[in-house]
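4 protein chains.
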Amino acid sequence: MIVVLKQNTQKEQVEEVKNWIGEMGVQVHMIEGLHTTVFGLIGDTSKVDMEQIQSNPNVESVKRIQEPYKNANRKFHPNDTVVEIGGLKIGGGHFQVIAGPCSVECEEQITEVARRVKAAGAGMLRGGAFKPRTSPYAFQGLRAEGIELLLKAKRVTGMPIVTEIMSAEHLPLFEEVDVIQVGARNMQNFELLKMLGKTNKPILLKRGLANTIEELLMSAEYIMAGGNPNVILCERGIRTFETATRNTLDISAIPILKRLSHLPVVVDPSHAAGITWLVEPLSKAAIAAGADGLIIEVHNNPKKALSDGAQSLTPDDFDSVMKPICRLVDAEGKILG
Amino acid sequence: MIVVLKQNTQKEQVEEVKNWIGEMGVQVHMIEGLHTTVFGLIGDTSKVDMEQIQSNPNVESVKRIQEPYKNANRKFHPNDTVVEIGGLKIGGGHFQVIAGPCSVECEEQITEVARRVKAAGAGMLRGGAFKPRTSPYAFQGLRAEGIELLLKAKRVTGMPIVTEIMSAEHLPLFEEVDVIQVGARNMQNFELLKMLGKTNKPILLKRGLANTIEELLMSAEYIMAGGNPNVILCERGIRTFETATRNTLDISAIPILKRLSHLPVVVDPSHAAGITWLVEPLSKAAIAAGADGLIIEVHNNPKKALSDGAQSLTPDDFDSVMKPICRLVDAEGKILG
Amino acid sequence: MIVVLKQNTQKEQVEEVKNWIGEMGVQVHMIEGLHTTVFGLIGDTSKVDMEQIQSNPNVESVKRIQEPYKNANRKFHPNDTVVEIGGLKIGGGHFQVIAGPCSVECEEQITEVARRVKAAGAGMLRGGAFKPRTSPYAFQGLRAEGIELLLKAKRVTGMPIVTEIMSAEHLPLFEEVDVIQVGARNMQNFELLKMLGKTNKPILLKRGLANTIEELLMSAEYIMAGGNPNVILCERGIRTFETATRNTLDISAIPILKRLSHLPVVVDPSHAAGITWLVEPLSKAAIAAGADGLIIEVHNNPKKALSDGAQSLTPDDFDSVMKPICRLVDAEGKILG
Amino acid sequence: MIVVLKQNTQKEQVEEVKNWIGEMGVQVHMIEGLHTTVFGLIGDTSKVDMEQIQSNPNVESVKRIQEPYKNANRKFHPNDTVVEIGGLKIGGGHFQVIAGPCSVECEEQITEVARRVKAAGAGMLRGGAFKPRTSPYAFQGLRAEGIELLLKAKRVTGMPIVTEIMSAEHLPLFEEVDVIQVGARNMQNFELLKMLGKTNKPILLKRGLANTIEELLMSAEYIMAGGNPNVILCERGIRTFETATRNTLDISAIPILKRLSHLPVVVDPSHAAGITWLVEPLSKAAIAAGADGLIIEVHNNPKKALSDGAQSLTPDDFDSVMKPICRLVDAEGKILG
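Chains as they are written, first to last, in the numbering used here: chain C, 1 to 337; chain H, 1 to 337; chain R, 1 to 337; chain E, 1 to 337.
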């Protein structure tokens, strides 16, 4: 950690700050420049509270050199984490396609979609039971009933299921769910992350709309610090000034996350763009950039979808999108499914 | 609501879409352009699901004309809402300064700060008991004990208290809290908002880092739709590319929120900038732009603060910042405290 | 074009606005809603000034339905444009890799890099003679001399050259340059665009840091409206809140530009990320998303580069990056070089 | 300047980098951490090319401690710069309101607006002769004729005039113009900035849509490094995800620019918001935050304005906006006009 003091800080105060930091259990190395003094902190700085140092009135700025996450950090865990889900693997060369409707609507819908996406090559079924909606007047999901329907589809098809949790209180309903999804809006719902850290369920953690790559890794760290190592990171687009797409898929986040962390990285091209015909090119780009999986919205009747229909493929569309996906996953030397 | 069809949609399909929308309980008015057909939807479009229409493969785009919020909308409630908090008022010409430390740390700290900020003119005391921290290794707040300490400071000074909730499960601990704060990261924690809608506590709702003004109003709508009209909106900076400040205070949000909604609007200059010396100019700008209150961090020993010290004023700094604040509130014809 | 009037506009004023717009040479179709009146404008709205209508005090909002660009629009030019450069083709299935140093520094450097990148499969040579630098104290490029050196490298290797123009005044120096690059900072230097529209040189037009996809196409339109159809669009990253990369490569822009326009689209992974090791995954992603070419920085001695060394590959790095590029271009059914 | 090496860099390479940097004319101070080595560079680092160091394959990151600008830096010029314009002053306690239409349209319009804004208290007249328009098909300004009309209005009213330059070639036409404006889109048109640095005209330099505060100061530095100290900085809104306003006025930029630099800072509330009724609250906020002036669009007939009418006030509106402006400038202890 590097601490830059304000210009022209008095000698006495420089000493005072030096001693104060020294008491935090690190060695303080001093560099006196022409106008400015800089401290280099040596030792285990992970316990040093950067903001506390920043609060000192003589401190101009603080720069961390070590990453603030450990469990999620590839430096301390060089090999890829492979998350196992009901016999399936993701990460470490294993690629998974997760597909299904935005919202679970009825038994017929979800089992029909499940059958179709399985036939096309998807390994897992996704479907929303609890739905975060901007408007209190919009359809909020079938909730507990939705989870029941997903479990029925799981029994029928044998596919592991992925569904979103919106509150720690609902955790008992997720007993038989295979992968619990944390949505973008809850990426920094730290109380929820702590609860999920105490389970051993695989967690699909979506990046928040305005969250940095480092913040995503810190949220993974919350779950892992609680004892749950089964975290799957998900890039799903960030909010920018561009309006041609709903969000801007941050394609660079994929190789960066893979380099900084050992966790698997999946991409959600449906939510990133919000446009059906972009699912194919963005899926291909994600694979080429190194993703370990995709999560794609498929609805058997998008026209009647109760939420997010605009970005859902039909099962026929999905069949045709899966062809280049399979080809490219193979070309990248990964195993699909 | 305006629905634009894709160019060169076949006549038959135009009819089909028209009938489909017609069944949603609105009148459909058709305009045939040279290349494009446009529908104007007349009637109560608040129940029409925009995304469902958008999902139709023949639809190019949908544009809402009515605002999607009702309870929070000034059109249906022209007069300013005045929220009453333990004898104090905010909104409708009443201005409040809420001050206190980022985190509650001990009894001495919180009562001392409370005394000082009250003496300087603050009406309410703020202090964090539950602290949302990016890192799981950072101080997470005194939690239940922190609320106890705030209540002690309330008894000693008579000041109403404002503190943040991070999970619906903690609600019972907030029984005696005067104003419950929803932090920026939880602005779209819809399950929490619904729970708060069932209480009658005043809610201080902070704008999310990447949330639009409309989304803030939709989150207020969640609380109000549940039956709780006591919502105070808070602008606290948005995330942009600029790095000179921690966030970018969206000063325009103040007059826009005041025009679109009847709810009181407060500004948090401490979190918006993350820099102590900016608190004064930003507070003044907020008042000049029409804010109904300010929420300012004050710590009796920022050097030792366990979180966010960099942006905290000392009680002496706060005394001097309150002078121009009082002057400007008065010049704007508002009543302080 | 759709014009939404303000709520409760008086009948008389509605008529007045209707007649006023009618005089602009379009048919005005009126829809009367419960609270709002909407006009649909039918006919050639490309000559209607949206902002002028927006300025009317009774107008709430204006929405364009037709795209505001014609020459660049795929609707009026369904086939891919193929730009020819000294015997090479780009677009319509032809893929080009443009490579070379950020700045031209000396004859030895530029010819050596040219030889190496040509051997590795690059079709064109890039190099900066005029360099836009944030600081007036940084190296500003060799200017006229830099162009001379590029021309020497062209003579030696036979590669067409691409170099940036920073001012219309320098145009005479670009007589023998094959492709003139307009940098991101000059994307809306409209006077420069107009001048380039009068030449018949291929123009490589880079997207501005904060410019939308539509604005990029409007800048292309400036050049094309002047009579020069040879525009190559370049996505090179936009400015967002994320700091892990210098800019955020907007991968979705590639398929969107290809759908909206017939112009070739190239991607600059070097400037988008600002990080050497990201050039490979981003290049692959760009090809998978449908790009027609890449522009990559290669320097024979990045350690000594006078500008932007951090993002430059060595010739050896470039050799190894070209392998997956060739493979993927081929898999996409395109012809390299 | 702080240079952080990559983790586990070999001792030999550490030495090599140290010597390499040492040759740049600075002292290199080394701190060896557990995993990382850090160098502190002591001496005049303004000539050290940060990007060149960053390009070294053993370097992880470089952090500048000194600001990269000198002429614009308050550290080397503690007193406020007062720019004098035809007898008027701006900066150092002198506040100016610059008002006028977006575009000059005809003699009657510009002289009428000039008379009205002068009567209301504006000190200078603005008007666009050269107009940067997104579309090549939109009105591009009266150009040379527009400047003629502005000069007529100047003769009639005695007001100094402010108008935008779009290309260095047009400089001879600006002989009698009092203040040359550089628009947001040209803030990094470095060739233009260099030319303006050779004049002694006051330059109103607008912040680019996606430019940081530091980049704005670096562009001012370009002008000042050329020998022209008469730079007025202008905050006019930045591009963010929020769509309720055209741009987001960065109110914090005002106090930050005033602290970092001695140059006067004006605010353009018309372009920042793009909404007439926001001009008053944003003008007030700007004054409260410490601005030295305002630039406001006023048109005698916004309905017929050929550009940007939506954000223009009528002269009557301007009269009423000037009242709180005068009051607030006075309350801030500044001299208007």
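In case anyone wonders, no lab produced these hints; they're calculated from the structure. Since this is a predicted model, take the numbers as computed values, not measurements. Certain hints may be false.
Which copy is meant is left open, because identical chains are indistinguishable; a pair holds if it fits in one copy or across any two.
Straight-line Cα separation of at most 25 Å, SDA-like style, residue types lysine to any residue; simulated pairs [as the list claims (entries may be wrong)]:
{"#": "1", "residue 1": "Lys75", "residue 2": "Ala138"}
{"#": "2", "residue 1": "Lys89", "residue 2": "Leu151"}
{"#": "3", "residue 1": "Lys18", "residue 2": "Asn58"}
{"#": "4", "residue 1": "Lys63", "residue 2": "Arg246"}
{"#": "5", "residue 1": "Lys75", "residue 2": "Glu23"}
{"#": "6", "residue 1": "Lys11", "residue 2": "Glu169"}
Hints, one by one, checked against the model:
1. Taking CA atoms no more than 25 Å apart as the test, Lys75 paired with Ala138 passes between copies only; the shortest distance there is 21 Å, against 45 Å inside one copy.
2. In this homomeric assembly, Lys89 and Leu151 come within 25 Å of each other (Cα to Cα) only inside a single copy, at 20 Å, whereas the closest approach across copies is 51 Å.
3. For the identical chains of this complex, Lys18 and Asn58 are intra-copy neighbours only, at 11 Å inside a copy versus 29 Å across copies, given an alpha-carbon limit of 25 Å.
4. With identical chains, the CA atoms of Lys63 and Arg246 are at most 25 Å apart between copies only, with a shortest distance of 14 Å across copies and 34 Å within one.
5. With identical chains, the CA atoms of Lys75 and Glu23 are never at most 25 Å apart, being 28 Å at best within one copy and 33 Å at best between copies.
6. Taking identical chains as interchangeable, the C-alpha atoms of Lys11 and Glu169 are never at most 25 Å apart, the minima being 55 Å within one chain and 51 Å between chains.
Checked against the numbered hints given earlier, the structure breaks hints 5, 6 and satisfies all the rest.
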